[in-house]
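Colleague: The residues making up each chain are set out below.
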Amino acid sequence: DQQVKQNSPSLSVQEGRISILNCDYTNSMFDYFLWYKKYPAEGPTFLISISSIKDKNEDGRFTVFLNKSAKHLSLHIVPSQPGDSAVYFCAASGYLYNSGGSNYKLTFGKGTLLTVNP
Amino acid sequence: EAGVTQFPSHSVIEKGQTVTLRCDPISGHDNLYWYRRVMGKEIKFLLHFVKESKQDESGMPNNRFLAERTGGTYSTLKVQPAELEDSGVYFCASRPTREPRGTDTQYFGPGTRLTVL
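Heads up: the protein sequence lines correspond to chains A and B, in order.
Mapping of the first sequence onto the numbering used here: residues 0 to 117, in sequence order.
Mapping of the second sequence onto the numbering used here: residues 393 to 509, in sequence order.
Read the hints as simulated data drawn from the structure, not as lab findings.
Bear in mind the structure is a predicted one, so any value in this text is a computation, not a measurement.
Hints are supplied without guarantee of correctness; some may be wrong.
[What the hints assert, rightly or not] Dumping the calculated DSS-like pairs for lysine-lysine here, alpha-carbon to alpha-carbon at most 25 Å:
1. Lys446(B) / Lys436(B)
2. Lys470(B) / Lys436(B)
3. Lys407(B) / Lys4(A)
4. Lys4(A) / Lys436(B)
5. Lys67(A) / Lys4(A)
6. Lys470(B) / Lys446(B)
7. Lys109(A) / Lys67(A)
8. Lys470(B) / Lys407(B)
9. Lys443(B) / Lys70(A)
10. Lys109(A) / Lys436(B)
11. Lys470(B) / Lys443(B)
12. Lys433(B) / Lys109(A)
13. Lys433(B) / Lys70(A)
14. Lys433(B) / Lys470(B)
15. Lys470(B) / Lys67(A)
16. Lys55(A) / Lys70(A)
17. Lys53(A) / Lys4(A)
With the rest of the complex left out, here is chain A:
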């Protein structure tokens, strides 16, 4: 059962326009959300995050919006640039207890391939 879902496997936008990547989650225990960017043959690179006590976080061209009631978050990239072309992963974390103690492990979506065309 997928707890973090990225329903769009791919997205294509024109350079200079806005890119909007969406993510839904089902586990109400998640209280911290992150976006990672991944280029081929590289590891995921942290992009931006948001705590559940906020509904918006902005960093330059990147803004993440969180709608807790809908269990939905989105990443906006404005303006989009060709170098932004990559796979974007949504990830969630929570103070989840297990038999060994607390754990902040990340639960990932399947990713969305963003292509920004010049």
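For chain A, the structure is supplied; the task is to place chain B on it using the hints.
Modeller: Chain B only, in chain A's frame:
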């Protein structure tokens, strides 16, 4: 500051053989995580170390996988014997403990691509 490093970058082995992957976290990061991505699927959690102790190994697929973190520095993940379904990219990530709750950013290494033939 050096990032998370992993070795090797690629490994091709035959079914039944043994492979050991290594991860060097960012210096000073007590938390070390292993994840795996099987082709086309999501990145999945395998286990979590705090220093040298296994905090959570609930994601380990079976007892053919053994992870260690001697001395609380680098970690190894051994697969013995390897099976075809073990193929995938194995990522290591680290996180400092001193960050306050609400900043759970994990920093990932480049991954080891394992192919079992």
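Colleague: All the hints need checking, so say for each whether the structure fits it.
Modeller: We went through each hint and held it up to the structure:
Between the alpha carbons of Lys446(B) and Lys436(B) the distance comes to roughly 17 Å, so the proposed pair stays at or under 25 Å and holds. A threshold of 25 Å between alpha carbons decides the hint, and for Lys470(B) with Lys436(B) the separation of about 17 Å falls inside it, so the pair holds. Between Lys407(B) and Lys4(A) the alpha-carbon distance is near 33 Å, which puts this suggested pair outside the 25 Å criterion. Pair hint Lys4(A) plus Lys436(B) holds up; C-alpha atoms about 13 Å apart against a cutoff of 25 Å.
Distance restraint check for Lys67(A) and Lys4(A): the Cα-Cα separation of roughly 15 Å lies within the 25 Å cut-off, and the hinted pair is therefore satisfied. About 15 Å separates the Cα atoms of Lys470(B) and Lys446(B), which keeps this hinted pair within 25 Å; it holds. This hinted pair checks out: Lys109(A) and Lys67(A) have alpha carbons roughly 21 Å apart, not beyond 25 Å. Only pairs whose Cα atoms come within 25 Å are accepted, and Lys470(B) paired with Lys407(B) is accepted, the gap being roughly 14 Å.
Under the criterion of a C-alpha separation no larger than 25 Å, the hint pairing Lys443(B) with Lys70(A) is inconsistent with the structure, at around 33 Å. Under the criterion of a C-alpha separation no larger than 25 Å, the hint pairing Lys109(A) with Lys436(B) is consistent with the structure, at around 10 Å. For the hint linking Lys470(B) to Lys443(B), the alpha-carbon distance of about 18 Å falls within 25 Å, and the restraint holds. For the hint linking Lys433(B) to Lys109(A), the alpha-carbon distance of about 6 Å falls within 25 Å, and the restraint holds.
For the proposed pair Lys433(B) and Lys70(A), the alpha carbon gap of about 22 Å is at most 25 Å, so the pair holds. A C-alpha spacing of about 22 Å is found between Lys433(B) and Lys470(B), which places the hinted pair at or below 25 Å, so the restraint holds. About 40 Å separates the Cα atoms of Lys470(B) and Lys67(A), which puts this hinted pair outside 25 Å; it is violated. For a cut-off of 25 Å, the pair hint linking Lys55(A) to Lys70(A) stands: about 14 Å separates their Cα positions.
Proximity of Lys53(A) to Lys4(A) is assessed by CA-CA distance (about 21 Å); at most 25 Å being required, the pair is judged to hold.
The structure is inconsistent with the numbered hints 3, 9 and 15, although it conforms to all the rest.
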